[in-house]
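Colleague: Each chain, letter by letter, is given below.
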Amino acid sequence: SQKIEQNSEALNIQEGKTATLTCNYTNYSPAYLQWYRQDPGRGPVFLLLIRENEKEKRKERLKVTFDTTLKQSLFHITASQPADSATYLCASSSNTGKLIFGQGTTLQVKP
Amino acid sequence: NAGVTQTPKFQVLKTGQSMTLQCAQDMNHEYMSWYRQDPGMGLRLIHYSVGAGITDQGEVPNGYNVSRSTTEDFPLRLLSAAPSQTSVYFCASSYDREEQYFGPGTRLTVT
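Chains as they are written, first to last, in the working numbering: chain A, 1 to 111; chain B, 1 to 111.
Next comes chain B alone, as it looks inside the complex:
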């Protein structure tokens, strides 16, 4: 099993550009989520999904969109990048909302 994979590992965007962070898991987990991690702030939930076709907002959803067309994939879209979105982004999946399996992260810089 590859577990949770994320691409790209690093990305630099200019303010106003859009992009999609990819996340995939091969564990057949229904529950998937996106977090951002900033120094001193811990992990903050952006969006999550409890199954294909179902998504909901987390703590910091503004400026981000998600969709879940398959069980395996949960992409995160930045609509118009802003410097405040400079962060490390982690995707996670779980079987039962409890033990979370995290991907390796995407380090995003917005200039």
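One chain only, chain A, in its complex shape:
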């Protein structure tokens, strides 16, 4: 079955460092991948979308890559700040056009 997997272990990093989160997909080839941020008790908020023909996309301190050979997307936050602490969700289009979400990775940025 089509699956998206993110590292379920929390990622703890020091302020100022680059955070890198991983999203792997199996058994399908998504047309695009999306990344969302979710704060406790709130709904997810869209951050970035990258299409299969794009290798990299940037938005301010955020960078997303899409490697169709490795079947993987990496999400980077450079110069991380405590305010970046949240859960980050990866999502992709399935073959039926529906959105599939990963379970999310919690990022904790320590001052």
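Hints are computed from structural coordinates only; laboratory data are not their basis. Quick reminder that beta carbons are idealized off the backbone N, C-alpha and C, glycines included. Careful: at least some of the hints might be erroneous.
Stated by the list, open to error - With a cut-off of at most 25 Å between alpha-carbon atoms, the simulated SDA-like pairs for lysine to any residue come out as follows: (1) A:LYS71 <-> A:LEU11; (2) A:LYS98 <-> B:SER84; (3) A:LYS63 <-> B:GLU98; (4) A:LYS98 <-> B:LYS14; (5) B:LYS9 <-> A:ARG42; (6) A:LYS57 <-> B:GLU98; (7) A:LYS71 <-> B:THR71; (8) A:LYS98 <-> B:GLU98; (9) A:LYS98 <-> B:THR15; (10) B:LYS9 <-> A:PHE46; (11) A:LYS3 <-> B:SER84; (12) A:LYS98 <-> B:ALA24; (13) B:LYS9 <-> A:VAL45.
Claimed, not checked - If you anchor each label on the Cβ, the simulated ranges turn out as follows: (14) B:THR70 <-> A:GLN14: 21 to 29 Å; (15) A:GLN108 <-> B:PRO8: 28 to 36 Å; (16) B:GLU99 <-> A:ALA83: 18 to 26 Å; (17) B:ARG44 <-> A:ARG58: 26 to 34 Å; (18) B:GLU59 <-> A:GLY41: 20 to 28 Å.
Following the hints, put chain B in place on chain A, whose structure we already have.
Modeller: Chain B in isolation, oriented as in the chain A frame:
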């Protein structure tokens, strides 16, 4: 714009009771969907709609009904609540099935 609104924010039901979770959006989006979020499971699609009068099942539709009589509203009905339906429910809308706008969520407990 209010974006996507959901009511109620919290609800406690007894097993066997029925209720409707309300969702409305004021962005004139054709695409709307309902997700449930459980610890360690990520967001799972329950039902979705690509326009007024058109609905389809997602990954976990059993025990839930939807209808879409207007572009703005997409209510989710629990027919006979079960403890397994204890979860946080999110409604989302989008213009083109890509960038999703999520509501604040409804936290439902079934005892």
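Colleague: Now, for every hint given, state plainly whether the structure supports it.
Modeller: Right, here's what the structure says about each hint:
| no. | hint | in the structure |
| --- | --- | --- |
| 1 | A:LYS71 <-> A:LEU11 | holds, 21 Å |
| 2 | A:LYS98 <-> B:SER84 | holds, 23 Å |
| 3 | A:LYS63 <-> B:GLU98 | holds, 18 Å |
| 4 | A:LYS98 <-> B:LYS14 | violated, 32 Å |
| 5 | B:LYS9 <-> A:ARG42 | holds, 11 Å |
| 6 | A:LYS57 <-> B:GLU98 | holds, 16 Å |
| 7 | A:LYS71 <-> B:THR71 | violated, 36 Å |
| 8 | A:LYS98 <-> B:GLU98 | holds, 10 Å |
| 9 | A:LYS98 <-> B:THR15 | violated, 30 Å |
| 10 | B:LYS9 <-> A:PHE46 | holds, 21 Å |
| 11 | A:LYS3 <-> B:SER84 | holds, 22 Å |
| 12 | A:LYS98 <-> B:ALA24 | holds, 20 Å |
| 13 | B:LYS9 <-> A:VAL45 | holds, 18 Å |
| 14 | B:THR70 <-> A:GLN14: 21 to 29 Å | violated, 50 Å |
| 15 | A:GLN108 <-> B:PRO8: 28 to 36 Å | holds, 31 Å |
| 16 | B:GLU99 <-> A:ALA83: 18 to 26 Å | holds, 22 Å |
| 17 | B:ARG44 <-> A:ARG58: 26 to 34 Å | holds, 30 Å |
| 18 | B:GLU59 <-> A:GLY41: 20 to 28 Å | holds, 24 Å |
The structure is inconsistent with the numbered hints 4, 7, 9, 14, although it conforms to all the rest.
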